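Novice: Whole structure, please, built from the sequences with the hints as guidance.
If you read the sequences in order, they're chains A and B.
The numbers in our numbering rise by one with no breaks, and the one at position 91 of the first sequence is 92.
The numbers in our numbering rise by one with no breaks, and the one at position 47 of the second sequence is 48.
Please note that a few of the clues may not be correct.
Copies of one chain are not kept apart here, so a pair can be met inside one copy or by any two copies together.
[As the list claims (entries may be wrong)] Here are the simulated lysine to aspartate or glutamate pairs, DMTMM-like style, with alpha carbons at most 25 Å apart:
1) 186 x 176
2) 94 x 47
3) 63 x 30
4) 28 x 202
5) 113 x 172
6) 188 x 163
7) 188 x 147
Think of the hints as simulated: they come from the structure by calculation, not from any bench.
As the structure is a computational prediction, the values presented were derived from the model and not from experiment.
In case you want the letters, here they are:
There are 2 protein chains.
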Amino acid sequence: MQKGILTVLSGFSGAGKGTAMKRLMEKYEDYALSISATTRKPREGEVDGREYFFKETEEFEKMIAQDELIEYARYVNHYYGTPRSYVEEQLEKGKDVILEIEIQGALKVKEKFPDTLLVFVTPPSAEELRRRLIGRGTETMEVIEERLARAKEEARGIDCYDCLIINDDLETCVDELHAVIQNEKKKVMRNAEFIAKIREELEEL
Amino acid sequence: MQKGILTVLSGFSGAGKGTAMKRLMEKYEDYALSISATTRKPREGEVDGREYFFKETEEFEKMIAQDELIEYARYVNHYYGTPRSYVEEQLEKGKDVILEIEIQGALKVKEKFPDTLLVFVTPPSAEELRRRLIGRGTETMEVIEERLARAKEEARGIDCYDCLIINDDLETCVDELHAVIQNEKKKVMRNAEFIAKIREELEEL
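Specialist: Dropping the structure here:
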């Protein structure tokens with residue numbers, strides 16, 4: 002059996018990553034969602050162990066010290082990180098795992114797991130990004146301006162990614178995301194076992 | 002508009018490349034089939050300008066001299082090659098072009114056009130390959146043995162390819178081929194124009 006594909010999904014805040022991932026999980030059975038650990042406080046409706054594992058700073062720093070995280074980063078005064086053991090178990094079982102993390106974290110994951118697929122999700126235009134951030138209605142204008150400033154920075158990092166998906170229509174975006182991930186399984190480097198087998202069989206014919 | 006994707010399709014003789022390509026063209030509208038030039042004689046049912054451009058050796062060598070071929074090779078005493086102008090026109094128009102050529106040719110094309118997608122098609126096993134070659138009923142056992150010997154050699158070259166597609170069921174194989182080609186369009190390196198545009202827009206917000 003082929004191992005699962007590890008995908009890192011990044012994209013501007015407001016690109017619709019969260020919604021796309023949720024829909025992907027509903028629509029296709031191939032995936033295991035990795036749940037991040039964070040020290041930020043839960044937003045309304047967020048449940049510990051579902052959206053995030055909510056941790057105290059001290060607990061989180063203990064996880065870092067014990068190398069229990071694939072990657073972690075500090076962002077707006079909070080830690081965010083990916084617990085390692087769950088991800089490795091799921092990949093071994095052939096499940097595809099998606100991590101929603103930003104660029105620094107993405108590059109750290111790629112370093113540790115070189116066959117990670119890095120996918121960047123973007124709205125069709127900067128104007129549309131602003132419209133979505135305002136439309137959400139959950140953030141102050143100050144936070145929105147901060148996010149747009151951050152988007153400018155993030156846009157410089159797109160070249161580090163493998164694939165770019167434009168989130169114009171949600172269902173299309175989800176299907177495209179599914180397709181790029183499933184297509185990874187056709188890569189020659191991910192089929193070493195099959196190739197070795199058919200070579201051997203040909204020698205024995 | 003994005004340029005079309007140039008794909009080279011290779012695989013063991015008997016893997017079903019020809020049938021798969023024919024079905025792909027029927028099923029999807031994205032493709033332009035490149036027609037090769039060859040000096041081998043037409044098989045029954047083959048039409049000049051449809052399966053191949055059938056050429057005399059002298060004509061073919063003139064095409065080589067005038068650099069009118071993307072690649073060419075000699076195989077079992079005959080020349081096979083890919084006329085350049087048609088391929089370039091189709092890619093510019095946004096059509097995806099597939100070349101069915103063997104490994105040496107594939108590598109030459111990749112050298113000239115570095116963003117060529119190299120796809121290798123294989124039957125699910127060596128035994129199945131032999132069964133298909135015999136089942137065809139168009140070749141002598143001597144030719145079949147030659148093809149199997151050649152398959153052994155070709156198997157050593159699979160690592161040069163990007164993607165591997167196992168042709169077990171024709172329709173599945175065709176859909177997978179379509180998916181790997183269309184997915185190429187999501188590659189970051191093929192979206193430089195869009196990325197430059199959204200960066201600029203973000204700066205201007």
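Novice: Look at each hint and say if it fits the structure.
Specialist: For each hint, the structure was consulted:
no., hint, result
1, 186 x 176, "both (16 Å within a copy, 14 Å between copies)"
2, 94 x 47, "neither (28 Å within a copy, 48 Å between copies)"
3, 63 x 30, "neither (34 Å within a copy, 56 Å between copies)"
4, 28 x 202, "neither (38 Å within a copy, 33 Å between copies)"
5, 113 x 172, "neither (32 Å within a copy, 37 Å between copies)"
6, 188 x 163, "both (13 Å within a copy, 6 Å between copies)"
7, 188 x 147, "neither (39 Å within a copy, 29 Å between copies)"
The structure fails hints 2, 3, 4, 5, 7 (numbered hints given earlier, in ascending order).
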